[in-house]
Each structure stands twice: as C-alpha cells, then as structure tokens.
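J.: Below, each chain spelled out in residue letters.
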Amino acid sequence: MSAAVWALVGTFLGLLAASEYYWPDLVHNVPQLQFGRLRPTHVNVVAFGFISMANIGAIFYVVPELCRTRLWSERWANVLMVAWNTVILAGILCLTNGITEGREYAELPWFIDIPVMAALILYIVIVWGTVLSRKERQLYVSIWYIAGTTLWFPVVYLIGNRVFFSVPGIGDAIANWFYGHNILGLWFTTNGIGLAYYFLPKITRNPLYSHLLSIVGFSTIAMFYTPTGTHHLLQSPVPEWLKAVAVISSVMLLVPVMSVLVNFFLTMKGKWGMMATHLPLRFFITALGFYLLTCFTGPFQATRWINWYLHFTHWVVGHAHFALLGTFGFIGWGAIYYVAPRVSGRQWYSRRLANAHYWLSLIGTTLMIIALTVAGLIQASAWEEGLPVYRGVIMVAPFMLMRAFSGLLIVLGQVLFVYNVYKTLVAAEEAVEGPLEDAPQAQPAGAQS
Amino acid sequence: MTTPRANYLYPALGLTLIMASIIFVVVLVPRWTFRPPEPRDLRDYTAQELRGREIYKREGCWYCHSMVSRPQDWDHGRRSRSSDYFYDAYHLLGSERSGPDLANIGGKFPDQYHMLHHKNPRYVKPGSIMPRYDYLPEQDLTDLTAYLQSLGPYGTRALDVEGGKDRYAATGETRWAYVRDYTWVGGPLDGVTEKVAFWKLDVAHQRALNEQLYGEHPEVPFKYSAEIEELMYGSSHEAANAKGALQGLATPVFPNKEALEEARLKDPEARAWTENSFREGQITDKNRLLANYGKGLFNNQCAPCHGVTGNGKGQAAFSMTKRPANFTEDKYAGFTVDAWYWRISRGVPGTQMPRWEYTLDANQRLTLAAFLRYVAQNKGLGKLEGVPADYGKAPAPPETTHPGAK
Chain D
125 MSAAVWALVG TFLGLLAASE YYWPDLVHNV PQLQFGRLRP THVNVVAFGF ISMANIGAIF
185 YVVPELCRTR LWSERWANVL MVAWNTVILA GILCLTNGIT EGREYAELPW FIDIPVMAAL
245 ILYIVIVWGT VLSRKERQLY VSIWYIAGTT LWFPVVYLIG NRVFFSVPGI GDAIANWFYG
305 HNILGLWFTT NGIGLAYYFL PKITRNPLYS HLLSIVGFST IAMFYTPTGT HHLLQSPVPE
365 WLKAVAVISS VMLLVPVMSV LVNFFLTMKG KWGMMATHLP LRFFITALGF YLLTCFTGPF
425 QATRWINWYL HFTHWVVGHA HFALLGTFGF IGWGAIYYVA PRVSGRQWYS RRLANAHYWL
485 SLIGTTLMII ALTVAGLIQA SAWEEGLPVY RGVIMVAPFM LMRAFSGLLI VLGQVLFVYN
545 VYKTLVAAEE AVEGPLEDAP QAQPAGAQS
Chain F
472 MTTPRANYLY PALGLTLIMA SIIFVVVLVP RWTFRPPEPR DLRDYTAQEL RGREIYKREG
532 CWYCHSMVSR PQDWDHGRRS RSSDYFYDAY HLLGSERSGP DLANIGGKFP DQYHMLHHKN
592 PRYVKPGSIM PRYDYLPEQD LTDLTAYLQS LGPYGTRALD VEGGKDRYAA TGETRWAYVR
652 DYTWVGGPLD GVTEKVAFWK LDVAHQRALN EQLYGEHPEV PFKYSAEIEE LMYGSSHEAA
712 NAKGALQGLA TPVFPNKEAL EEARLKDPEA RAWTENSFRE GQITDKNRLL ANYGKGLFNN
772 QCAPCHGVTG NGKGQAAFSM TKRPANFTED KYAGFTVDAW YWRISRGVPG TQMPRWEYTL
832 DANQRLTLAA FLRYVAQNKG LGKLEGVPAD YGKAPAPPET THPGAK
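Chains D and F, in that order, are what the protein sequence lines are. Those letters in the first sequence? Residues 125 to 573, by my numbering. Those letters in the second sequence? Residues 472 to 877, by my numbering.
Please note that the accuracy of each hint is not assured.
What the hints assert, rightly or not - Simulated restraints, written as ranges between beta carbons of each label pair:
1. D:I372 / F:Y481: 23 to 29 Å
2. F:F495 / D:L256: 25 to 31 Å
3. F:D515 / D:E364: 24 to 30 Å
4. F:D582 / D:I487: 46 to 52 Å
5. F:E525 / D:R199: 39 to 45 Å
6. D:I518 / F:D582: 23 to 29 Å
7. F:E509 / D:S197: 49 to 55 Å
8. F:A560 / D:Y546: 42 to 48 Å
9. F:G485 / D:L390: 26 to 32 Å
10. F:Y481 / D:R428: 37 to 43 Å
11. F:A560 / D:L390: 47 to 53 Å
12. F:D582 / D:E364: 36 to 42 Å
Bear in mind the hints are in silico, worked out from the structure with no lab data behind them. Glycine included, every Cβ here is placed at the ideal spot set by N, Cα and C.
Isolated chain F (complex conformation) (with noise of 0.2 Å):
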C-alpha cells in the first residue's frame, strides 16, 4: 500500500505545472512581446485631460461606452490600433455599448454639446438613458470634456502630421468639421435658456458651413441632417484599407481628400463634368479616366447590393430586410450628381447602405456619383458598355506618406 499522498501528488504537480505554463504564455508571454508602438501622430496627455480621464474612470463612464473602433464600425471614424494606447496607464476599453463608442468623439462636436450633454444627455438625445451630471462641479464637465476633446483623429491629442489641419482651416472648416442641427429635440425642456443658445450657435454655424461646402446647394445636407443621428467627419485611409483588406477587396485610395474637394468646387471642367458625365461627345481623357474609375468602384463596392446594372438585385440583396435602391426607377433619373454624392457620403439612414466618406475619398465617390447619375438617366448600363477601353481600371495610387497607408 502507498501512502494517501503519494498517490496524487505528481498528477497534481503536473497539473500544476501545465497551469503555470499556461498562465506564462498567455499572460506574461504577451507583456514582454507585446508593446504598442510609439505613435507618431498622437501626443501624451495634459494634465486637465488626465483629471478628466480620472473623472471619466470614477464615475463609471466606460460601463456604457466602449473605447475601441472596430472593422466593422465603419461609420465610427478610424480603426483603433494598439499604438492609440500607448499613453493609457489603465484601458478603459469597455465591454458594452449601451452608449455610442468613444474612440473617435474627439471633435465631432464642439464643447458646448459636450457639456450640455454632460449636464442632461435628453437636451441633445431624447430616449437618451444615460443619467444627469449636473451636480458635478463645472470644473470637472470641462475637464472631462477637455479628455473627450482629445481622442481619436480629429481629437486635439492628434498631431497634424501632414498639415491636415491647415487644410481644414483652408477650407474653413473648423475642428468639428460637421455639425448636425438640433431644431427637432424634444424631451424635457428645464434649462431652455440654455439650450436655445446653443441652437442659434449650431444653426449658424451649420449654415455657414454648408455654404462653403455645398455652393448653391447649402439646403441639401441641412433637410438631410435631421434624419442622421450622429454626424461624424473624415475620411481614413487606414479604414478603407482595413475594410478592403476585410472583405478581400483592392481599394486603391488617393491622398489630399480636401484637396480634391476643394478643387472640384473651384474647377470648371471638373465641375461640368460632373453635370455632363458620360454624355457623348464630352468624354475628355482627364474625365474618362475618372469615369471609369467610377465604374470600377461601382462592381467593387456597390454592385453585391445594387447589382451589376443597377437594378437592386445583387447577390447580397436577398438577405437584407430593406431592398437595395434600384437606380433604374423613374425617381431616380432627377437626382443630380451633388444628390448622389451626398447620399453615397451619408448612407441612407435605416438601411445598410454605409456612410462611404470614412471608406471613400471625396473622388471616389464623385466618380461613383456621376457614374450613377448615367445609370439613373439611362435605366441601365445604356450606351456605356464598351465605350471606354480602360473600363474599369483604376489609376495607380500616387506616392503618399500617410501614416496609415502603410
């Protein structure tokens, strides 16, 4: 007869032993190899936005919003990458998102709605269940809204790494680059004062906005903008190539967004163009390039859902509760290419059509928008198959030096 003890005492040290071995590898294992690298485009937190972070911890913030932009959120801004993290000494990731995700709100709005909706989240989201904050000290809402300031790309912690900013202020954007209108809010109305200040401010700056934006057209993103929730801003190299690289799609993307921008507002030929497209006799080299590029984008991105000719019948239709628009409906022949251009940037609110402006670049989706323009107009591909030799085929992407372009 052994001994009790001796009979479990090796399988319990081999137990042991692979217990630790596994804890090694799995948890010390990645705390050595694993060490975000510096980011370039990012700076150390301030002192304020520290205490507001502090803020942000203490009153459990991070329970309902969560602190990471997946692939999938593809009108959430940027994709996080672990570099985002470098200058966290704790990780306020979260685990659920009763809230919208935070990763990006740096700049998406100004200070005022942050801290109006600090103080009673229902002045600016009504259904909202996120409680009231306004007992907290005024210097603790601006600290914590300093914080939220400085997240993400557009945050103030970002670097203006390629003058990125001094394009904005070139074309007289501001920080936050859009914001939505808050005329339709309802819910409780205490601090009315407070909020009707605030509107007239945003409304301004709305309109003005939209005109430089939009030229003759500033009432179309203003009618739109009450039906879209959350307007966020930016178009991200890095999330278009994560989304291609998700769905084993190539997309080529051009740098200097607002350059583009801008130049086909100041452009003639570009600007007729884009009213003309793919009429005959108008094709110019510069444009057929485009157009086609158009084209190409349009069998990538557009046609699982839209179908190859337009007609809503893409393969990936079926599954999908709201039918993909089919453009070859007698309502669509009026759209112009700045309503097609708006409605690819935004998405259509209640389907799954994304918000293209974080994938695509304002050119990409001025060639899309005046390639559905023909569309719409001649119910079909029409006349344009096999007018272009290059069909399809995109222009090689210039040299850029973006750091998520890698």
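This is chain D alone, in the form it adopts within the complex (with noise of 0.2 Å):
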C-alpha cells in the first residue's frame, strides 16, 4: 500500500522540518530542504498521500461490503491509485522547487489542480457506481458518510482552489481558510467517521449504539463544519458577521462530535477488554480518544477570547497534529492493519513489530502534542507580557528539540511499520507470531448488549 510509504515519506520529512526549528542551519545550501518549502511538503504529503489513500484504500473495501457487491470496477480503482500517486509525486517536486500558490492547505499550484479534480470525480464514478449497483437495500451510515463526502469534497476543492474564481486582497484568505478548514472537516474527519462506523461494530460484534444519534451526527456536521473556516480570521479585519458565524458553527461542532462520539464509545461496551488483542481496534479507540481531545480543544479556541490568546502560536500547530496525526492517522493505520490481510488472504508478518508501531506513534504523537500545546502557552503568555517574538522562540527551544525527538519516534514507527508491510505483502513471508486479531470473547452470561 503506498499509504505506508507515503506516511514514511511525510513523517519523515515533518522530522526535517521539526529539526530545522531547533538547528535552522542543519540543511544549508539545499533550497528544497529549507523549512519554508518543507513545511508545505510536509503537509501535502501527510494529507494526501498518506490519510487520503488509507482512507480511500479502506473505503474500496467497504463499501463493497456493505453494498454486498463487487467494486465498480477494479481497473478504473487501480487507475486512480495510479494517477493519485503520480500527482502527489509532481506535488513534491512543485513544493520542493517553489513552485506554490503560497495558500495554506491548497499550495498545490494550477496544473496539479486539474489533475486531482480529475482523479476525484474518479473516485466519485467508484463510489456511486459501486453505491447504486449495491445488492444490500439499506444504506448504513458509513454510506452516508462515504458518499456524502463524494458529493462535497470536490465543492471545497474548487472553491478553495480557486479554479474557478480570484478574489484580491484579503477576501482569498476567506476561500483559502473555507478549504481549509474544511479539507479537515469534510474529508478527513467524514471519510474516517465513516470507516469507524463500520470498523468498530464489526469488530466487536456489538449493535451501533443508536442509529439516531448516527444519523444526527451526519446530517448536523456538513451544516456546522461548512462555515467554521473563517475563525482562522477572526483577528484580522474579514466582516464580523462572518466571524460571528464561524465562532458560533465552531461551537456547535460540539453537536455532531458529541453524537458521534457518544454512539461510538456506548458500541465498545462490554468490548474495551478486546483493545488488548485486537491491533486495529486498538488503533480506532486510540483514535477516538484523540478525536475527543481534538474537538474540545477545537471550539474552545475558536471562541473569540480564546482565540485573542492562542492563534498565532504552536499551541494551533499542535491541535493540527492532534487532529491530522492523532485521529485520522491512526485511523488509516487501524485500516490498514485490518483490510490487508482481508484483501491479501495472508496474515501480517509480525505482531511484534505492528505492536512497536502502535507504541513508537502514541508516545511520539502523545510527546509532540504536549510539546506544541506547552510551547504555544509559553509563547502566547510571552506576547502577553510584552516580550519580543524572538524571545520566545529562545523561550520555545526546548519544546521544539522535544517535538524532534517525538518525530523521530514517529518516523521510527513508520519504518517499522513500511517493514513489516513490504514484508507481508511483497516478499510474502509467513507470519511468524500469530495473527494481530483475536476474535471477540463471548459475551458473560447475563451482560447487557
């Protein structure tokens, strides 16, 4: 799977450009190593390659197996995964060399654009052709998710790219913060919600908690995330009626974040004990707590005062990673682990080495969040007392060498885990110690379902 190498590929270059925050000279002479275009490479890759094509790689089988049919068509879903890596690659290349539009999340310049928007009205083709040629007649909500996303994502897309409109001055900042903020809300988070919503009641063999709830949380979270994005703004001078609507909408992401996470912990009950045998699961619940951290943070700064204080500082970077790292990564990584060997018919090559994995990415990415979010304070109150920037950045040194030190755990992590892939998958060992899966216990006599 090239999400594997491609979280190599990104986490390594992350530790780069972590490290450049503590020794600025350790490249020197490379301009495309330089922290100012390695920080979009960072990012693009972290996104696209590696989120994006575990989710996409996941949603291939699952939507299969809820629709009860076959893919589309194969050929076509091969294609895409194709074309989506040679563009993440022509990305790199753009990004290194300074090729950029200088927008925050849609750096990709024109040319890559058009490209991607093709390869996404590709997977839409998939989605909705395997979706409406489906055998099952209910649509579960993973579906809902998964489609909806189809339909939106694109929407963002353009808009945020501005394919098909410029605006001047500081009316880009407004579409460049709709994209986003929303490549997060409405990619990310619906694509990987989806994935748990099936992962997590197949794997513990529990009944959703409530089908209400999942429904509330669907329909509630297009209308709130949509316009969160402009509270990236909120201190500069954007009209404050927008403002006012992305604080209030931040707020209320309280609303799908709560159903979703309520529903998804009540499904585990009488399951938690299974986190301990079963690898994938551990990931999702791993996840999940992260997601939880994230959406508590996420609207108190938003929130006018909170934002006065925080923005601007590693204390936003950190809730990022929180977000991008913590949730959906190890999300991808779960679906990872869980679809290979249902799609490969072989057993992971070693357990040992996925558990190191799961360790090596929960402390690093534990480490740098407490990291970021300590630094961000420390420079935050540092501007409050009226001390110069580059004071706090003497101030901030230790946090960002900690923040290295995370990243190097993480990318220690990857490389075992692009291992134990390459391993599995292309040398097709034997497993050596045993599936990562045990099967759910039975349920104790009288336990409430």
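Each of the two chains sits in its own frame; use the hints to bring them together as a complex.
T.: Written out as structure tokens, the structure is:
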C-alpha cells in the first residue's frame, strides 16, 4: 500500500522540518529542503499521500462489503491509485522547488489541481457506481458519510483552489480558510468517521448503539463544519458577521462530535478488553480518544477570547497534529492493519513489529502534542507580557527539541510499519507470531448487549 | 415497498441544498459584498517589490511571519485594515508567528539590516531559528528587502497624505526613525567584517539621532536600547482609537505629534514646565490644562494597574506575575521628566507595561510624565487634590483630517 510509503516520507519530512526549528542550519544550501518549502510538502504529503490514500483504500474495501457487491470497476480503481500517486509525486516536486500558490493547505499550483479534480471525479464515479449497483437495500451510515463526502469535497476543493474565480486581497483568505478547514472537516473527518462506523461494530460484533445518533451526527456535520473556516481570521479585518457565523458554528460542532463519540463509546460497551488483543481496534480507539480531545480544544480555541490569546502560536499547530496525526493517522493505520490481511489473504508478518509501531506512534504523537501545546502557551504568555517574538523563540527551544525527538519516534514507527507491510505483501513471508487480532470473547452471561 | 432509492433521495437532496446554501452564504456572499476600500494612503507595488513578494511566497517566509497586526498587538504599530491588502493578488496573512509579524516592518530598519538578516539571521538576532538565505542571488535579496520596506504605514508604499514625511525630514529623522545598537550581539561570528561595518554605521546614526531627539540626554535611550529588542517607531492615531474602543475608553488623540515634540524641545516655557510641573505657584493656565489632562490620562490608562494613587495596587494588578511599579517608593523620586517620558514611551521589557508611544502621542506622554514626577516626589497625590478645578478633564480634540481618525 502506497499510503504506508507516503506515511514514511511525510513523517520524515515532518521530522526534518521540526529539526530545523531547533537547528536552523541543519541543511544549508539546499533550497529544496529549507523549512519554508518543507512545511507545505510535509502537510500535503501527509494529508493527500498518507491519510487520503489510506482512507480511499479502506473505503474501497468497506463500500462493497456494505453494499454486498463488487467494486464498480477494479480496473478504474487501479488507475485512480496510479494517478493519485503520480499527482502526489508531481506535487512534491513542485512544492520543494518553490512552485506554490502560497495559500495554506492549497499550495498545489493550478496545473496540479486539474489532475486532482479529475482523480476526485473518478473517485466519485467509482464510489457511486458501487453504491448504485448495490444488493443491500439499507444504506448503512458509513455509506452516508462516504458518499456524502464525494458530493461536497470536490466543491470545497474547487472553491478553495480558486479554480473558477479569484478574489483579490483579504477575500482570498476567506476562500483559503474555507478550504483549509473543510479539507479537515469534510474530507478527513467524514471519511474517517465513516470508516470507524463500519469497523467498530464489525470488530466488536456489538450492534451500533444508536442509529438515530448517527443520523444526527451526519446531518449536522455538514452544516456546522462548512462555515467554520473563518475562525482562523478572527483578528483580521474581515466582516464581523462572518466571524460570528464561524465562531457559532465552531462551537456548534460539539453536536456532531459528541453524537459520534457517545455512539462509539457506547457501542464499545462490554468489549473494551478487546483492545488488549485486537490491534486494529486499539488503533481505532486511540484515534477516538484523540478525537475527543481535539474536539474539545477546537471549539474552545475558536471562541473569540481564547483565539485572541492562542492564535498564531504553536498551540494551533499542536491542535492540527491532534486531529490529523492523532485521529486520522491512527484511523488510517488501523484501517490498513484491518483491511490488508482480508484483501491479500495473508497474515501480517509480525505482531511484535505492529505493536512497536503502535507504541512508538502513540508516544511520539502524545509527546509532540504536549510539546506544541506547552510551547504555544509559553509563546502566548510571552506576547502577553510584552516580550519580543524572538525572546519567545528562545524560550520554546527545548520544546522544539522535544518535538523533533517525538518526530523521530514517529518516523521510527513508520520504518517498522513499512518493513512489516513489505514483508507481508511483497516479500510474502509467513506470519511468525500469529494474527494481530483475536476474535471477540463471548458475552458473559447476563451482560447487557 | 418503496424502492430503495426513493427512501434516500429526498433527505439527500435536502442536505445537499442546505449545504450549497451555506457555501453560498459563507463564500460567495462575502466575495460579492465585501470589497476592501481602495486605500488613499497606499500605492501599488512596483515591479521590484512584486518580485520580492514572489520570493517571499516561494521561500515560504509566510509560514513563520504573519502579516496582520491585531488590536491586541499594540506595540507592533498600526492595526491592519482591510484596505491594506487591496493590492495583494494573493494573501500572505499566515497562521503562525514563529517569527515577528511583518505587517508594519517597512521603514523600521535600514536596508542593510534586512540584507544582513537574510544572509544570516543570527548576525542580528542570536537565538533566531530562521534559516540562512545566503545562497540566494544578491538580486533576490535586494528585491525581498524592497518588498519588506514597502509594508506598513512607514514603508515606502505609504503615501505622504499629510506631509508626514516632510515633518520627519524637518526633525532630522530618516525613514527608519530609530535603530537600535547591535553591540551586544553574540552568536556565530562568520561574516565579521560585514557585521562590524554595519555596527559602525548603526551606532553613529544612533548617536546623532539621540542627540537631536533628546538634547542633553543622549545617553538615556542609548543605555536602554540594549534591553529592547525590536524597536519600532510611530504613534498611530488609529491604534489609539482601536485600543480605546477595545477597553471601552475614549482616548482623545492629538494630531501633529512631531510638531508637539519639536515644540517641547524648543519652547523654554514648556521645558521649564516639564521640570517644575505641579509646583505651587508655577501653574499657569496653559500648563494647568495639560497637567490636568495628565491626571485624567493616568486615571484612564494607568490606574487599573498602578492604582489611583500610584501605589501599584490597581484592580488589575493581582493577576500579573510582575507587579506594577509603586511610584511612592523612594527610588522613583529622583526620576527626571525625561526618564519618565522614556519609560512611558517604551514600556518596561519583561512586564505588561506597554509601549505607550503607539497609543499616546508625545503631548499625552509628556503630561503623564509630569504627573508621574509629581506623584513620585510627593509619595502619592499629596497636595494636588483639589487644586485644579477642571481636574481630569481632557481638552477638546482639535479638528483633524487624519485618515485613521474617522
């Protein structure tokens, strides 16, 4: 799976970028590897290379399962895989060579945007082709999420990348942040949550706690995520009514988030012990834990007074790692661990490697979030005390070192992961330590289901 | 039995419609209704500045340097307006400040500073984590510098709306109004020759400037400047109004800061008053108006932290890690008006004391300085109470045509 390779590349670039926060002269005279170019590359590779690809791969497994049919066209799915990888590669080359639109999360230049749009349209056709040719009458909530995402994400991408209109000046920032926030909310979140809606009941063999809650979560997520992007611009001169809408909808995001999380945690009832024996489930539950924390800090920092204090600090970067690495990275890994043996018919090569990958990622992610959060608080209080910016830079330097170290742990985890994937799928070794997953225990007598 | 598709079609259509209307409201409506006004005090970029902007974007400078000055950044200079971005073909607002904000950078430092800073930031800012850009061609660095110098109200792009630049020329100030000394710089020492040359230029310039500005006390700002890292210059009427609005305070603003500053230096009566303020028998009508204004300003702006009697026990003091100064302590009794004026203007590094030079104009700071000298010498309000009849009342702000004063 190319997602695994991109995970390695992406986190390695992240490590390099994080190290340059501590050793600014680490790579000198290589303009391609300066921080200003590494950072967009890191973001795009992780977002489009690793997480999107892991999500799409898992979706191509989940959707046919739920529709009791075959994928609409496996040939076109393979074409999509090749195309997507080519686009990512081209994107990396552009970004590291300074060809960029200079707009956060939408850095890819317009001639990369067009193949991305084409790939997205192909993806829509495959998903909807599968859904429309289904044998199962009921549409499960995962399909709602996944199919819904295919409808709105191309629109978000179009607007965010200014393919059909351009806005001068600060209006550009509004469109940019509409996209910047919704790539998270209407692409990673909806896909990731859709996958979790499939995997959790499937693995635990518990019925979903409440279908009503899942419908509430789905129908509100699209409504409340769409206008939130402007909360990145709360202190810039954009219309006040837009800021008000953004803040209100950011806080209202607690509705879909809590409905989803309550649903998941109650679905887990009686099966928490499975986390010890079932590795993919452990990834999913960890992701949901991070999701819980993300979604409490998100509305918190989007309110005006908290944003007044925390905006522009490392806290926000930490929050982004919470969401993308902590939540959707873990869902992506879990999905790969779950789907790969079922698709290839082979057991994972090594359970110990997978375990080590889990713990390295978990410790690395946690350390990174702690470092960035504390650094953000230090920065914010330093400004509040009237200290000049670069005094703050010196003060947070130890935390930047800690962040680089956590990046090292994560990259180590990815190395193990890629080795494991290689041995399992390519080198076709037999599993050496038994499967990653144990079947769920039988319910003890008298337990509530 | 209905068909499966009919079950889901209507809710799906409804959701899609709602979604489309939300997108319409938050993306397209602002695009039609929200047009930044064309700025009267800003010109378009030149070709060189545009090239610099491209380099700024290409190298990803904006990932660490934001370009919006917010209401709470009151020591960053003027607050950003939407018209500041009128000529920007793509926005470079940024979302992080690992480096300082650049919205008002233009004119703060001489070109040599920027060139040196791009080549190795640690020449001028030890501990900086900015990468070195000395591999870029000289032309790129020059363009980039031209772009940076064009930004903000003191940048080259700002038009001379009210003859402000002429006033600077009259008081002997250059475009960069105040440049700190770099003699304390540690850090790596490659490129020594260039750096030393830069120091020399800078120190000479500094000294000349201080002598012009502070007369017989050129050493005062010079000593303090070692503590203050980023010096910016300029009072902003707009920032004052914004800050006043933020706190619910009305802060009347005098125009012509520079003229008043000059008058203070040259007018013997004003000079004498600053040295002997509030001494009985020396309060003239002209002075009393200003002195009372100082008291009013203190009540509005300083008393929340320093307390109404200047004893450092204001209502907001309890939340501060570094307690506000208690002016009744003995050590403050010896402060001259110049020392007070400097302290008010530049703030106290490491505390929450702001640089009032961005919020109050020279005359306001001067009245405050006189008042503080009185408080420090009399250990509190003392005999001042009840003396002036128009106690704490601000003079009516004069007519102004400053663009920010609307």
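J.: Take the hints in turn and mark each one as holding or not.
T.: A quick look at each hint next to the structure:
The hinted range of 23 to 29 Å is satisfied by I372 (chain D) and Y481 (chain F), whose Cβ atoms lie roughly 28 Å apart. Remark: the range hint 25 to 31 Å for F495 (chain F) to L256 (chain D) is upheld by a beta-carbon distance near 28 Å. Distance hint for D515 (chain F) and E364 (chain D): a CB-CB separation of about 28 Å, consistent with the stated range 24 to 30 Å. At roughly 48 Å, the beta carbons of D582 (chain F) and I487 (chain D) sit within the given window of 46 to 52 Å.
At about 43 Å, the CB distance of E525 (chain F) to R199 (chain D) agrees with the hint of 39 to 45 Å. Our hint of 23 to 29 Å for I518 (chain D) and D582 (chain F) holds, since their Cβ atoms are close to 26 Å apart. Hint check: E509 (chain F) to S197 (chain D), Cβ distance near 53 Å, so the stated range 49 to 55 Å holds. In this structure the supplied range 42 to 48 Å holds for A560 (chain F) paired with Y546 (chain D), their Cβ-Cβ distance being about 46 Å.
One distance hint, 26 to 32 Å for the beta-carbon pair G485 (chain F) and L390 (chain D), holds here, with the actual separation near 28 Å. A beta carbon spacing of about 38 Å between Y481 (chain F) and R428 (chain D) agrees with the range 37 to 43 Å that was offered as a hint. Checking the proposed 47 to 53 Å range against A560 (chain F) and L390 (chain D) shows it holds: the Cβ atoms sit about 51 Å from each other. Checked against the given bound of 36 to 42 Å, the beta carbons of D582 (chain F) and E364 (chain D), roughly 39 Å apart, stay inside it.
In summary, this structure violates none of the numbered hints.
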